[in-house]
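Asks: These are the residues of each chain, in order.
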Amino acid sequence: MTSTTPIRRVAILGGNRIPFARSNTVYSQASNQEMLTATLQGLVDRFNLHGERLGDVVAGAVMKHSRDFNLVRASVLSTTLARETPAFDIQQACGTGLEAAMIVANKIALGHIESGIAGGVDTTSDAPIALNEKLRKILLDLSRAKNGAQRLAAAMRIRPSMLVKPALPRNGEPRTGFSMGEHAEIMAREWAIPREAQDELALKSHQNLAKAYEQGFFTDLMTPFKGVTKDNNLRADLTIEKLRSLKPVFDKKVAPGQGTLTAGNSTPLTDGASAVLLASEEWAAAHKLPVQAYITFSEVAAVDFFGKKEGQNSEGLLMAPAYAVPRMLARAGLTLQDFDYYEIHEAFAAQVLCTLNAWQDKVFCKNQLGLSKPLGKIDMSKLNVNGSSLAAGHPFAATGGRLVATLAKMLAQKGSGRGLISICAAGGQGVVAIIER
Amino acid sequence: MKTQEIIETPSLAATFFRALGTGGKRPGLVKTLPKVELAIPSVTLDAQHIARYAALTGFSASQGVPLIYPQMLTFPLVTAYMCSPECPWPAMGTVHLANSIEQYKSLRAGDTVRVEMGTGQLFTHEKGQGFTLDLRILRDGELVWSATQSLLRVGVKETAGQPFASQLALDTSLSCQTEFTAPADIGRRYGAVSGDRNPIHLTAITAKLFGFKRAIAHGMWTKARALSYLLPADPLERASTAVEFKTPLLLPGRAALWTERSSNGAQFEVRDKTGMRPHLRGQLSY
Chain Y
202 MTSTTPIRRV AILGGNRIPF ARSNTVYSQA SNQEMLTATL QGLVDRFNLH
252 GERLGDVVAG AVMKHSRDFN LVRASVLSTT LARETPAFDI QQACGTGLEA
302 AMIVANKIAL GHIESGIAGG VDTTSDAPIA LNEKLRKILL DLSRAKNGAQ
352 RLAAAMRIRP SMLVKPALPR NGEPRTGFSM GEHAEIMARE WAIPREAQDE
402 LALKSHQNLA KAYEQGFFTD LMTPFKGVTK DNNLRADLTI EKLRSLKPVF
452 DKKVAPGQGT LTAGNSTPLT DGASAVLLAS EEWAAAHKLP VQAYITFSEV
502 AAVDFFGKKE GQNSEGLLMA PAYAVPRMLA RAGLTLQDFD YYEIHEAFAA
552 QVLCTLNAWQ DKVFCKNQLG LSKPLGKIDM SKLNVNGSSL AAGHPFAATG
602 GRLVATLAKM LAQKGSGRGL ISICAAGGQG VVAIIER
Chain H
2 MKTQEIIETP SLAATFFRAL GTGGKRPGLV KTLPKVELAI PSVTLDAQHI
52 ARYAALTGFS ASQGVPLIYP QMLTFPLVTA YMCSPECPWP AMGTVHLANS
102 IEQYKSLRAG DTVRVEMGTG QLFTHEKGQG FTLDLRILRD GELVWSATQS
152 LLRVGVKETA GQPFASQLAL DTSLSCQTEF TAPADIGRRY GAVSGDRNPI
202 HLTAITAKLF GFKRAIAHGM WTKARALSYL LPADPLERAS TAVEFKTPLL
252 LPGRAALWTE RSSNGAQFEV RDKTGMRPHL RGQLSY
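Top line first, the protein sequences correspond to chains Y and H. Start counting at 1 in the first sequence, then tack on 201, and there's your number in the numbering used here. Start counting at 1 in the second sequence, then tack on 1, and there's your number in the numbering used here.
What the hints contain is simulated information worked out from the structure, not anything from laboratory work. All residues carry an ideal CB built from backbone N, CA and C; glycine is no exception. What you were told as hints is all true, and nothing was included just to trick you.
A partial selection of chain H residues facing chain Y, derived with a Cβ cut-off under 7 Å:
no. : residue
1   : C177
2   : R262
3   : S264
Okay, chain H solo, but in the shape it has when bound (with noise of 0.2 Å):
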């Protein structure tokens, strides 16, 4: 199949109006991901961006281009396709499961690179239907950084795929490494950056009409938060990092980092202040 590229990425409101017209589809039992393959060809790191990226989540200058950054440059494809017919589900209430990424080559601001984006797995949850979306980062035709979207269409009687198998080791070893708080307009704050301004991160009102109690931090924050303590100082060539989102982190909140570091790496947990309850599971290896 042809790969559809993507020259122009559609406004954050038309977005969201789009997102929310494709509430009306009802696809029944779908048995295969429909193959798409969406491309952005070109697109320049900003440093600015960066930086104002760094500055939510607490990633240092010094870190370089944060591990979990280049997740940003593929948010347009991955609405894109939520919004598209091709999608089986609507874009609304798809729940963000899991997301791991690897990168092969460190990036840096300047850098111009080829963003793609194509379709995966299905597979089977406890809580209804996943399917997996393929990240790419490519950097004068060579892959430097990759991820796999795990996404879950909550309530999904009939399933296809294989059962939903956890990548991560259940260690309960972790001890709690740091807290920190998750304020109020992290959601808006963050949602400017990404363009991910699903009305649950927003405000609490717009939150509670999808069910929720108050707005929650987005996952991709949470776990970019985590990261920024757990990679050192230094920009590094090679990296990967695995986590699982478990339960919202309620806005305004307080959350504390678990881990168990190794020499090259950590598993983490982020947890309420308590202690008890993870809104992520991950693990980082560099």
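Just chain Y, with the same shape it has in the complex (with noise of 0.2 Å):
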């Protein structure tokens, strides 16, 4: 016996975010488990589901204690919602978030689940800093120790610089040695994108989430946390003199004197978490909620940025999105110019940048797209409209959750249209979704 259902459109019926906090700020003793408990409950008191059992729950953090293994379910059940809502964690660096949303929907699609909830968050105040590795291995023989001679001479191995000398954890990319600045910086220069070009990215991500908060954008997509009511990274009065003034700051291991990534035209390490709140038609319509939007396309895809082959250089790390996008646009018979809406996660200025040129690239197309013709400009005016992570600051898992919460209510309020998300992480990946209403 086989029934299918048929596939199902999926709603985004709404979002909710706590501001995000610059790491070791206003958050810095908030827990991960903290942050997303306030904005789950801050999601469920807008759509009132007090008691409500849901499909799913699904969200994750990239920096986590390994004491919070299931993150998710113990902020569920910090909630109003029925402690009978099931709950998992997923992790893919910074396309956590957008990721939880797609398998959400895909349940939805499917018919597996009415309804659902994906997020994320992530904090880097108090972040998981682990034992010593070899102070960690001796504990471990330690515990192994079947007499007292073993035991003192597992103890005996114990230096004081163990203890002072802790594994700390680091937003660089294992396989390479780089952070991730430094790897937009290489890519930046691969690309020959200015600094110029940076910094007014980054200014206009600015104004932009500053006239957003002016026209009371987010008053519906936020929860207020620990005092705070908007995002503390955003500087209303940023200047491009003020981000000219900055100096380079990842370029000492790839390019001494030569960089053009700055603390301001990079994302600062953030606090924050997201969700949104995702169901079927049927499942809205019996609640009385209204659609925002459909979510009806997702791609993720790799890159190989460590391997050289046949002389020619790897990928650069955060250029997934180029791929995926290209992939996920054939899937759905649309050109990049067919949308109203760009959201493209800003990692850094410079990501952003080296995606657009990489679309307009004829060589880049042909030989690493396999297309025809370059995919072309975007019309720049279209682009994170309501600011994006340069301004709010991206705390890593949380960041998928605000862009389709934001993008949602953006084609809520025109009506109808199309927008593009698109996401960059660690690892070489990248994840794209397309949202429509």
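Combine the two chains into a complex, taking the hints into account.
Replies: Pasting the structure below:
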């Protein structure tokens, strides 16, 4: 016996996030679980989901304590959702939030569930600091020791230096030893992205986000947390002169004295959380919740960012979205210009500009993407209209939820249209999606 | 006129005393710059000297002979001219105003070249009388490198020549690229390598005699330091650069490099660490 449900449309009903905060500022004492719980509860309150059993809650964190193995389920249990709501954790670096949304969306599309929440949270303030690796091994040996002599032998290997040199988490790529910023700097050099263009994009992000706040855009997308009502990385009075006065920070290892990435045109380490409510149209109608937009397509891509093949350089670490988007467009039968809004996550201004350049580059589009002609330009006035990560900050796993909720609301306000989401992730990956109304 | 060939370059101490000795020149109005041509018929580019120069200015070995290095070879000619009776003004107190360089072919250590200097034009500057010197490097009779050095005799009341016109675009969209330190002894170290031991670069005390608060960095050192950041990692065949010197960089000091890059060059300024005061402004293309 086989009975298949026809694939259903997946509705985005709304989203919620707490204001994002630069690392080690206002949320320095907040844990991932606290932030995710507050975000979920805000969503539950807004859509009156108290006591509701949802199909699934999928979320994740990139920086996670080992005790948080069931972070999302633990958070759900702290909300007023029915305790019978299942939940699980995922992790795909900065793609976590959008990947979570795709998982929930696919379950809804296939009829496995009727409703669900997707989200993400991250803190780099309350980061997991591991024991010194040598000390950890000794302690494990100690626990395995069977007699006093063995225990003493293990304990004798402990050195004071092991106590003061813990294993700190790094925002780096294990296979190359370079940080994300250094990889982005390499990409900026490869694509000849001038510093000026990066600073301008950063300025635009701040201006757009400030304008969005002024217009009250985030009023129904945000729950204040710890007395914070606005992303604290936002500089409404930022000027191009201020951005120009910042020194490059990622060039020492990859391009000494020739860097273009600064603290102004790169995202800071950020704490925050986000969540979106997804459902079938039937569930939405039954709960009298208006549909904001629909998730229609998604694609994931990965690139080889460290191997060298036949003398050809490996691909830029954060270039995977450049591959994912054309593949998704081909499936959807769309061109890059068929969109009203583009939400391209600004990990670094350079990453956005490299991607946009790649899509206009004949050689790249032919050789790397196998296309007969380039994807072409986008209308820059449709890009990150309400600001993006450069201004808001980027709590790794929380960015996907922010983008989905923001874009869905923009399409709802417009009445109809189509938007593209593109997120690059560590490990040379990219997660992209199309949202329509 | 005949080119005067200089076979033996004078010792540094002798040059210094000759430079001091020219202080008595009081030429009055100079209507045209007397034509003088000097040459060193044969000089071999010394890898060790280039390495010492590169170590002081921040160039890496992979960049080859630094674009600005050949100016070192012309220094004996410029000094000889400035100390000679043909030069209307004293050597001391003549200020380096601008310098532009054009490289037509890359040079390599071991190359044997002919070095030439010729007097150029007079120009009028708001602060005094300016004049240019044309510097040339030839290899096997072919011009491979040329430069124009613009010098200023401050305080000359009656001046001759066209008004000084800046070659540089006034573009303000520069951004801070990096900061670098000008160590207290950089004037002495650069002086030792370049031969330019003008007292204003050596110590605070000698600089004070000439009206500076402290010793100041050689303008050509500051220019070289900036170019070491701006030039690509590999040697270039053709390149050109021009700078104008704005304010002295006092030693020891900290300076910031501000740039606007393009795919084949950059506009740049070396400013003080606050970014408010320019020490030099320039452009580079390759």
